[in-house]
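Each protein sequence line maps, in turn, to chains A and B.
If you count by our numbering, then the first sequence holds residues 1 to 116, one letter each, in order.
If you count by our numbering, then the second sequence holds residues 1 to 111, one letter each, in order.
Among the hints, a few may not be true.
Unchecked claim - Chain A is faced by these chain B residues, among others (derived, beta-carbon under 8 Å):
| no. | residue |
| --- | --- |
| 1 | C12 |
| 2 | G43 |
| 3 | F101 |
Claimed, not checked - Distance condition first, Cα-Cα at most 25 Å in a straight line; then the derived DSS-like pairs of lysine-lysine:
| no. | chain 1 | residue 1 | chain 2 | residue 2 |
| --- | --- | --- | --- | --- |
| 4 | B | K98 | A | K78 |
| 5 | B | K98 | A | K41 |
| 6 | A | K44 | A | K78 |
No lab work stands behind these hints: they were computed from the structure.
The beta-carbon is built from N, C-alpha and C at its ideal position, and this holds for glycine as well.
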Amino acid sequence: EAGVTQFPSHSVIEKGQTVTLRCDPISGHDNLYWYRRVMGKEIKFLLHFVKESKQDESGMPNNRFLAERTGGTYSTLKVQPAELEDSGVYFCASSRRGTSPYNEQFFGPGTRLTVL
Amino acid sequence: DAKTTQPPSMDCAEGRAANLPCNHSTISGNEYVYWYRQIHSQGPQYIIHGLKNNETNEMASLIITEDRKSSTLILPHATLRDTAVYYCIVRERSNDYKLSFGAGTTVTVRA
Chain A
1 EAGVTQFPSH SVIEKGQTVT LRCDPISGHD NLYWYRRVMG KEIKFLLHFV KESKQDESGM
61 PNNRFLAERT GGTYSTLKVQ PAELEDSGVY FCASSRRGTS PYNEQFFGPG TRLTVL
Chain B
1 DAKTTQPPSM DCAEGRAANL PCNHSTISGN EYVYWYRQIH SQGPQYIIHG LKNNETNEMA
61 SLIITEDRKS STLILPHATL RDTAVYYCIV RERSNDYKLS FGAGTTVTVR A
């Protein structure tokens, strides 16, 4: 079973530019999450999709961030325009839905974003 | 916000057991204790979870005190590959979302 994949692994952009991060969850996982760790800080939740619907986007820092999950498969996270404080590692995770006792979240390797 | 307290760091000798403590004195009856770890340059990885009984899997054991206010993750035979940041997380099982990571414990396994 393939794990959660993220693309790109690294991205270096200049302030004011746009960047789009992609996440492919484990096949069949309805739940998809985005987290990030900015420099020196703890890993923070950004938002949660159930299939194509946003279940919780309380962690999204501001309206420069837009997440989508069209068709309930892969997800994208767009940052427009990027600011210096957006630099960090963005993690995607997925989990099954339902009453399984093993509904842990499986994380991807992350995308390291550097805004210059 | 994290509801747990962990020591910032600890060292462990390779081949020995590593005992990682976690305090969660405000845990409520429907909240589970989860442990994740993050090995450098990788995403967080699930280790184990429990409610009130001790749990064991192929990776670790979880010992939860009777009052549930603290727990200990045990790595029975630590290897160099177990060097990572370990996170103790309290969450409701019914809410299948939002892991709240704290600062965790940086565990260094030394040869």
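Now for the hints, and whether the structure bears them out:
1. C12: Since the shortest Cβ distance to chain A is 23 Å, the answer is violated.
2. G43: holds, 3 Å
3. F101: Check passed: Cβ of F101(B) comes within 4 Å of chain A, closer than 8 Å.
4. K98(B) / K78(A): Holds, at roughly 20 Å.
5. K98(B) / K41(A): holds, 17 Å
6. K44(A) / K78(A): holds, 17 Å
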